[in-house]
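Given next are the chains, with one letter for each unit.
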Amino acid sequence: MKTYNLMFAGVGGQGSLLIAELTSLAAVNAGYDTKQTEVHGVSQRGGSVETHVRFGEKVHSPIVTPGEADAVVGLEKLEALRFAHYLNIETGTVLVNDHELVPGSVPNAESIYPRETIDFLKSKGMRVVALPASQTARDLGDARMANVVMLGALSTLLPIEQEVWEKTLKLRIPAKYLDGNLKAFESGYDAMQKAI
Amino acid sequence: MREFLLGNEAIARGAWEAGVKFVSGYPGTPSTEIIETLATRFPETNPRWSTNEKVAFEEGMGAAIGGLRTLVTMKHVGLNVAADAFMVFPYSGTNGGFVVISADDPGMHSSQNEQDNRYLARVAKVPVLEPSDAQECHDFMIAGLELSEQFRSPVMLRTTTRLAHHKGLVEVGERADVPPREFIRDPQRFSVPIYRLIRRPEVEKTLTAFAEYAETCPFNRIEEGADDKIGVVTSGISYQYVKEVLPDAGILRLGMTFPLPANLLRDFCAKYETVYVVEEGEPFIEEFMRGAGITNLTGKELFGVIGEYSPGRLRKTLGLGAPPEPFTNDGVNLIMRPPMFCVGCGHRTVFAALRQLRVTVSGDIGCYTMGALHPYEAEHTTFAMGSSIGVAVGLEQAGHENTVAIIGDSTFIHAGIPPLIDAVYNRSRLTLIILDNSTTGMTGSQPNPVSGKDVMGQQAPQIDLEALCRASGVENVAIVDTWDRKEVVNVIRRAVSFKGPAVVIARGPCQQIPEIKHSHRIPFFIHEDLCTQCDACFKVWCPAITRAPQNFPVIAASECTSCTVCAQVCPTDAIKLAEETA
Chain A
0 MKTYNLMFAG
10 VGGQGSLLIA
20 ELTSLAAVNA
30 GYDTKQTEVH
40 GVSQRGGSVE
50 THVRFGEKVH
60 SPIVTPGEAD
70 AVVGLEKLEA
80 LRFAHYLNIE
90 TGTVLVNDHE
100 LVPGSVPNAE
110 SIYPRETIDF
120 LKSKGMRVVA
130 LPASQTARDL
140 GDARMANVVM
150 LGALSTLLPI
160 EQEVWEKTLK
170 LRIPAKYLDG
180 NLKAFESGYD
190 AMQKAI
Chain B
0 MREFLLGNEA
10 IARGAWEAGV
20 KFVSGYPGTP
30 STEIIETLAT
40 RFPETNPRWS
50 TNEKVAFEEG
60 MGAAIGGLRT
70 LVTMKHVGLN
80 VAADAFMVFP
90 YSGTNGGFVV
100 ISADDPGMHS
110 SQNEQDNRYL
120 ARVAKVPVLE
130 PSDAQECHDF
140 MIAGLELSEQ
150 FRSPVMLRTT
160 TRLAHHKGLV
170 EVGERADVPP
180 REFIRDPQRF
190 SVPIYRLIRR
200 PEVEKTLTAF
210 AEYAETCPFN
220 RIEEGADDKI
230 GVVTSGISYQ
240 YVKEVLPDAG
250 ILRLGMTFPL
260 PANLLRDFCA
270 KYETVYVVEE
280 GEPFIEEFMR
290 GAGITNLTGK
300 ELFGVIGEYS
310 PGRLRKTLGL
320 GAPPEPFTND
330 GVNLIMRPPM
340 FCVGCGHRTV
350 FAALRQLRVT
360 VSGDIGCYTM
370 GALHPYEAEH
380 TTFAMGSSIG
390 VAVGLEQAGH
400 ENTVAIIGDS
410 TFIHAGIPPL
420 IDAVYNRSRL
430 TLIILDNSTT
440 GMTGSQPNPV
450 SGKDVMGQQA
460 PQIDLEALCR
470 ASGVENVAIV
480 DTWDRKEVVN
490 VIRRAVSFKG
500 PAVVIARGPC
510 QQIPEIKHSH
520 RIPFFIHEDL
530 CTQCDACFKV
540 WCPAITRAPQ
550 NFPVIAASEC
560 TSCTVCAQVC
570 PTDAIKLAEE
580 TA
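If you read the sequences in order, they're chains A and B.
Residue numbers for the first sequence follow numbering that gives the first Met the number 0, so the first one is 0 and each next one is one higher.
Residue numbers for the second sequence follow numbering that gives the first Met the number 0, so the first one is 0 and each next one is one higher.
These aren't lab readings, by the way, just hints derived from the structure by calculation.
There's no promise every hint is true.
Straight-line C-alpha distance at most 20 Å; calculated EDC-like pairs for lysine to aspartate or glutamate [claimed, not checked]:
id	chain 1	residue 1	chain 2	residue 2
1	A	K182	A	D138
2	A	K1	B	D247
3	B	K124	B	E145
4	A	K169	A	E20
5	A	K57	B	E222
6	B	K270	B	E222
7	A	K57	B	D421
8	A	K169	B	E2
9	B	K315	B	E300
10	B	K575	B	E527
11	B	K538	A	E109
12	B	K124	B	E57
13	A	K123	B	D329
14	A	K57	B	E243
15	A	K182	A	D141
16	A	K57	B	E223
17	A	K121	B	E527
18	A	K57	B	E170
19	B	K315	A	E67
20	A	K193	A	E67
21	A	K123	B	E324
22	A	K121	B	D329
23	A	K166	B	E2
24	A	K1	B	E243
25	B	K452	B	E465
26	A	K121	A	E67
27	A	K57	B	E2
The shape of chain A in the complex, shown without the other chains (with noise of 0.2 Å):
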């Protein structure tokens, strides 16, 4: 089979690193080979954040080479654009949740801040399909969930199945948030469900 490549991006708190452990996780509880690496900055929050997760039958390196993603999860808009080069761009899906978050350590950030990130991406032949996955979190009462909605729109593209990925949800998320996070996932998946 081949191996599935996949780049999480984005800013320190966002929780894009859990969602990446829980993809790694579903992997390894589906019988991949799975592989994950992240870079720790000195940042504590508000930092770019990027993850890498990579499962199939056997896998060697844990760094994604761009080019190569079968999907760049973007939780932010800037961050999805900083890492979407790493898409294979003739069978990969940008998926992002259409939120920005203004970086707060630099000058005149509100009017540099690149707006047209969807349109561009498209314009370079990528499939994208941005989800307000921000706002569907707020809607389910908490916008953290942001994450697990973008988790759910990604477990559409990958070979591992609705009752794994449950079943990981509910080994790793602990129980007061287990419901709420359930129902997040669930969003996701029935919104990229209707998107493509």
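Given chain A, work out where chain B should sit, using these hints.
Leaving out everything else, chain B in the frame of chain A:
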């Protein structure tokens, strides 16, 4: 049973399984999770955070000589601190198994330099194991302890950031019961300086034995190529990239990179037309191969010494197709997200004061290196752990009288005490600011002697910084609440104008300490009726303060730590505790 583990977690697991009974280290990316994992999951390994790497190493030497299987962990620059002991330990050799982790950081993700510690190991004459994945992090940890006992030598396990911080599946086992070895008084072995001439040939004997072992050891593995065109000699994580990029090449994967197997290398290279040497960092293997008379090789002149390798980089280097680049080339402004002080961080007021006072600032290693960046741009120099103080003393000699050294509590305990005493002794006018946030912040809140807690989270003796500075001969020691912005300026100004050594302890706990992070606090709120949009609160540079659609500043209630600094700067008193506004 298989577990999905971080390289560092796999090392911890391996140490536990191997029956390790003493672990010491100092936090440093990318090594920190080893001791954190041991403390939370495997406390029977008896882990601790030591005050610095030299102390950690020496405690480890004692434990191993005393008969215990021992692990000592540090990042690459930590081994510089421990080098004094590291260089001499092979002269006695060990009793119980002793492994030191050197976690190198190619690409300098969280370090001040790129340093290939295989060279340090060669100077010390200590053998080096280099795993290539999480499974081997686990397996080599166990094997390293066994080798250490077999050859009575310390062993270095060298990881790199990508190994330490990647996750993979690891087949794990159970803990072995390894009884302590007996420690018998043997001055000719353990009192090295007196008997150094007797010990010196023993070091060479051990190294020769290791070199013979390297020729056939299971860590060095040959994978036959599809033909005789290309062979690759590689080590560490680079092996994985070679497997992706050159799947048909013959491979000699070196899991033991010091001492290197001359015959094995010569025999392997003789089978291929061209041999690539693919090793991150310096040409350590390559230089040895050239010295061994091998000529059909290509290494650093092609692959380079700087930064991390990756499959994409190897592919590009070998002319096998260049991966796409980021969209900056299309005129897209991919603005960076430079690191910044956290919401409620107590360092903010100190750097605002230093900027205002226009003094020369000699910085140190910690989150506060960010004081050099926008918006403070207050630091003039930063080098290594504890160097702020010595450098400030030197700057003063060069005529920069108003020099302030700034250091965190953990870094001060680590390497700041001898230079402070030196400053007093040599009659410096040094002003030292100790940013006392009661933790080792940058590496993720590890307790230290100032915290009052140990690695297990248990109560521990708390060092009194003020008394320590006074006992070092500093008479002018002031303590200030780091969130009292006016008082911070006043106290620093007084210290700078004082005609002798002065210490300011700017005190206030790190907001990332778990108990503090999760404590309930009443957030501040900006009252729009009182706000004149003067933007003074924005100049606090707190990430929790953003601009609302009508241009009013707004505080994210879920993030506010109630530090009060924005309320102190508001000229119209529009920033109030959320309760007051209800």
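Distance restraint between A/K169 and A/E20, which requires alpha-carbon spacing of 20 Å or less: Roughly 14 Å separates the two Cα atoms, so the pair holds.
Straight-line alpha-carbon gap A/K121 to A/E67, limit 20 Å: The given pair, whose Cα atoms are some 17 Å apart, holds under the 20 Å limit.
Pair hint outcome, B/K575 versus B/E527 [Cα-Cα no greater than 20 Å]: Holds, because 11 Å separates the two Cα atoms, which is no more than 20 Å.
Agreement of B/K270 and B/E222 with the hint, judged by alpha carbon distance not exceeding 20 Å: 12 Å, holds
Distance restraint between A/K193 and A/E67, which requires alpha-carbon spacing of 20 Å or less: Not satisfied, since the Cα-Cα distance of roughly 26 Å exceeds 20 Å.
Hint consistency between A/K121 and B/D329 [alpha-carbon to alpha-carbon, up to 20 Å]: 14 Å, holds
Agreement of A/K123 and B/E324 with the hint, judged by alpha carbon distance not exceeding 20 Å: The given pair, whose Cα atoms are some 13 Å apart, holds under the 20 Å limit.
Holds or violated: A/K182 to A/D141, with C-alpha atoms at most 20 Å apart: 11 Å, holds
Given hint B/E223 paired with A/K57 - CA-CA distance at most 20 Å: Distance of about 19 Å is within 20 Å: holds.
Hint consistency between A/K57 and B/E222 [alpha-carbon to alpha-carbon, up to 20 Å]: 16 Å, holds
Straight-line alpha-carbon gap A/K57 to B/E170, limit 20 Å: 15 Å, holds
Given hint B/E243 paired with A/K57 - CA-CA distance at most 20 Å: 11 Å, holds
Checked against the numbered hints above, the structure violates hints 7, 17, 20; every other hint is satisfied.
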